[in-house]
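Taken in order, these protein sequences are the chains called A and B. According to this note's numbering, numbering within the first sequence proceeds without interruption in unit steps and concludes at 272. According to this note's numbering, numbering within the second sequence proceeds without interruption in unit steps and concludes at 272.
Quick caveat, the hints were computed from the structure, so don't treat them as lab data. You may find that some hints are simply not true.
When chains are identical, the list treats them as one kind, so a pair holds in a single copy or across two.
Distance condition first, Cα-Cα at most 25 Å in a straight line; then the derived SDA-like pairs of lysine to any residue [unchecked claim]:
#: 1; residue 1: Lys194; residue 2: Ala65
#: 2; residue 1: Lys195; residue 2: Glu99
#: 3; residue 1: Lys194; residue 2: Gly82
#: 4; residue 1: Lys195; residue 2: Asp183
#: 5; residue 1: Lys194; residue 2: Val87
#: 6; residue 1: Lys76; residue 2: Gly133
#: 7; residue 1: Lys194; residue 2: Leu74
#: 8; residue 1: Lys194; residue 2: Ser96
#: 9; residue 1: Lys194; residue 2: Ile178
#: 10; residue 1: Lys195; residue 2: Gln102
#: 11; residue 1: Lys163; residue 2: Glu226
#: 12; residue 1: Lys76; residue 2: Pro132
#: 13; residue 1: Lys76; residue 2: Ile178
#: 14; residue 1: Lys163; residue 2: Ser96
#: 15; residue 1: Lys76; residue 2: Gly170
#: 16; residue 1: Lys194; residue 2: Leu107
#: 17; residue 1: Lys194; residue 2: Glu62
#: 18; residue 1: Lys76; residue 2: Met246
Protein chains: 2
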Amino acid sequence: MAAEIPTEFLRGLFLTEDFAAGAGGRDLLAKLSVPEGEVTLVTDEVMARMSGTEHPQGVLALVDAGAVRTAPSGDFPVVFLEDVQDPGNLGTIIRTAEAAGISAIYMTNGCADILSPKVVRSTMGCLFRMPLIRLEGDDFYAEIGRQQKKGQRFVAAALGGTRPYDAIPYDEHTAFLIGNEGNGLSARALALADEETIIPMEGAVESLNAAVAAAILMYEAARQRRL
Amino acid sequence: MAAEIPTEFLRGLFLTEDFAAGAGGRDLLAKLSVPEGEVTLVTDEVMARMSGTEHPQGVLALVDAGAVRTAPSGDFPVVFLEDVQDPGNLGTIIRTAEAAGISAIYMTNGCADILSPKVVRSTMGCLFRMPLIRLEGDDFYAEIGRQQKKGQRFVAAALGGTRPYDAIPYDEHTAFLIGNEGNGLSARALALADEETIIPMEGAVESLNAAVAAAILMYEAARQRRL
C-alpha cells in the first residue's frame with residue numbers, strides 16, 4: 046500500500062528492520078525513491094505502537110493530507126454519500142468505487158473522517174487515487190443541484206423505491222445517492238433525487254449494509270457499461 | 046432484532062427500564078410471549094456492560110446456540126466460505142445472503158465464530174433464519190465433492206479467473222466459493238471448483254473486500270433469476 050502514495054506527498058517512512066531487509070522493503074525503497082533522511086528503522090514494538098494494530102505490516106508512511114485527490118476524473122458515474130459514519134463502510138465504498146470505475150465520491154461532513162486509521166486501512170491504498178470531495182453542510186445539497194443543471198441524474202438507494210436497481214440504465218450522467226447506515230437518506234436528499242431505486246430483498250431482511258448496497262449499484266453500472 | 050428469535054430457543058430477555066416502558070418494548074414482549082420469570086429489567090449501566098457496546102439498544106436476549114438453523118432451505122444457490130476470518134465480513138455475508146435468496150451457507154471452521162458478538166450484531170437478526178453449516182477440516186472439501194455428484198456446480202471467486210462473473214449463468218445448482226480476506230481461496234479449494242470467475246476491476250485495485258465480492262456474485266444470481 047505504501048507504494049501507492051504520490052511521492053510528492055510522502056513526508057516520512059518507518060520500517061521495521063525485518064521489513065527493510067526483505068525483498069518487499071528493498072522494492073518499496075527503490076520504487077518510492079525516498080531521501081535517506083526520511084527513512085527511519087524502528088523495532089517491532091515501536092511499529093506496533095505507531096500503527097495502532099496488533100499485526101502491523103512492517104511499514105508505515107507519514108503522508109501529507111493534501112495527497113487526497115479532489116478533482117473528479119473520467120466520465121463514469123459519481124457517488125454522493127450522506128452521513129456514512131462507519132469508517133469500515135466508508136473505506137470499503139472507496140475501494141469498491143475505484144474497482145467499479147467511479148469518477149469521484151462526494152460526501153457530507155457527517156461521513157467518517159477519511160484520514161482516520163480504519164478508513165485509510167480499509168481503502169487498501171485507493172485513498173490516494175479516488176477523488177474524494179468533502180462538502181460542508183448545505184454545500185453538499187447545493188452541489189447536487191449544480192450537477193443536475195449540467196445533466197447529472199441522481200439515483201437514490203431507498204427502501205421506499207419502486208423501480209429495481211437493475212431496471213434503470215446507468216451511464217456517465219448517473220450519480221448514486223447513498224445514505225446513513227441506520228437511517229438511510231434524509232428527506233432532504235430524497236426530495237432532490239431524480240429517482241428512488243430499491244435493491245430487491247428476499248426473506249425478512251430489512252436493509253442491506255451501506256457498503257454492500259453501494260457495491261451492488263456501482264457494479265450494476267459497471268456491468269451495463271461492459272455490455 | 047430480538048423479535049427474530051425463535052421463541053423455543055429464547056432463554057432470557059434483559060431490558061432497560063426505558064426500553065421496557067416504550068412502545069418497542071411492549072410490542073416485543075407481546076410478540077415473543079416470554080414467561081414473566083425470564084424477563085429481567087436492568088439499569089443502563091448494567092446493559093452497557095452486558096452488551097459490550099457503547100450504545101446498546103436497550104434490549105438483550107439470551108439465546109440457545111441451537112437456534113441457528115443447519116438444514117438448507119429452498120432451491121436457490123448456496124455459498125461456501127473458506128476461512129472468512131473477519132466477523133464483520135462474515136455477518137455481512139450472512140445478511141446479504143438472505144436478501145439475495147441464498148439457500149444455505151457452508152463454512153470452514155477457520156471462519157469467524159458465528160456466535161461472536163460482532164457476527165451476531167452485523168447479521169441484524171438473519172443469524173436465526175439463514176441455514177449455517179460449519180464443517181470441520183476435510184469435511185468442508187468432502188461436502189463440495191458430495192454436492193458436485195448431485196449436480197451442484199461450484200463457481201470460485203478468484204483473481205486468476207478468466208470468465209467475468211456476469212457472463213456465467215446461475216441457477217439453483219450454483220454454489221459460490223468465497224475465500225479468505227488476505228489470501229483468497231486455497232489451492233485445494235480452487236482445484237475442486239468447476240469454474241473460476243473474476244469480478245472485473247478498474248483502476249489499480251488489487252482485490253475487493255470479501256463481503257463485497259460475495260454480495261456482487263449473490264446479487265448477480267438474484268438478478269438473473271428475476272429476469
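For each hint, the structure was consulted:
Taking CA atoms no more than 25 Å apart as the test, lysine 194 paired with alanine 65 passes in neither setting, with 52 Å inside one copy and 50 Å between copies. When the C-alpha separation of lysine 195 and glutamate 99 is checked against a cutoff of 25 Å, the pair qualifies neither within a copy, at 48 Å, nor between copies, at 44 Å. For the identical chains of this complex, lysine 194 and glycine 82 are neighbours neither inside a copy (50 Å) nor across copies (62 Å), given an alpha-carbon limit of 25 Å. Taking CA atoms no more than 25 Å apart as the test, lysine 195 paired with aspartate 183 passes inside one copy only; the shortest distance there is 19 Å, against 58 Å between copies.
Proximity of lysine 194 and valine 87 under a CA criterion of 25 Å is satisfied in neither setting, with 53 Å inside one chain copy and 55 Å between copies. When the C-alpha separation of lysine 76 and glycine 133 is checked against a cutoff of 25 Å, the pair qualifies neither within a copy, at 29 Å, nor between copies, at 34 Å. In this assembly of identical chains, lysine 194 and leucine 74 lie within 25 Å of each other by CA distance neither inside one copy nor across copies; the values are 47 Å within and 51 Å between. For the identical chains of this complex, lysine 194 and serine 96 are neighbours neither inside a copy (45 Å) nor across copies (48 Å), given an alpha-carbon limit of 25 Å.
Taking the shortest alpha-carbon separations for lysine 194 and isoleucine 178, only the intra-copy value of 19 Å comes in at or below 25 Å, while the best inter-copy value is 52 Å. Neither within a single protomer nor between protomers do lysine 195 and glutamine 102 lie at most 25 Å apart by alpha-carbon distance, with minima of 45 Å and 44 Å respectively. Within a single copy, lysine 163 and glutamate 226 get their C-alpha atoms as close as 17 Å, and across copies as close as 16 Å, so both meet the 25 Å cut-off. For a Cα distance limit of 25 Å, the shortest separation of lysine 76 from proline 132 qualifies neither inside one copy, at 29 Å, nor across copies, at 35 Å.
In this homomeric assembly, lysine 76 and isoleucine 178 never come within 25 Å of each other (Cα to Cα): the closest approach is 28 Å inside a single copy and 46 Å across copies. In this homomeric assembly, lysine 163 and serine 96 come within 25 Å of each other (Cα to Cα) both inside a single copy, at 11 Å, and across copies, at 23 Å. Taking identical chains as interchangeable, the C-alpha atoms of lysine 76 and glycine 170 lie at most 25 Å apart only when both belong to the same chain, with a minimum of 15 Å there against 47 Å between chains. In this homomeric assembly, lysine 194 and leucine 107 never come within 25 Å of each other (Cα to Cα): the closest approach is 40 Å inside a single copy and 54 Å across copies.
Taking the closest pair of Cα atoms, lysine 194 and glutamate 62 never come within 25 Å of each other, the shortest separation being 55 Å inside a single copy and 52 Å across copies. Proximity of lysine 76 to methionine 246 under the C-alpha cut-off of 25 Å is restricted to the inter-copy arrangement: shortest distance 24 Å between copies versus 46 Å within a copy.
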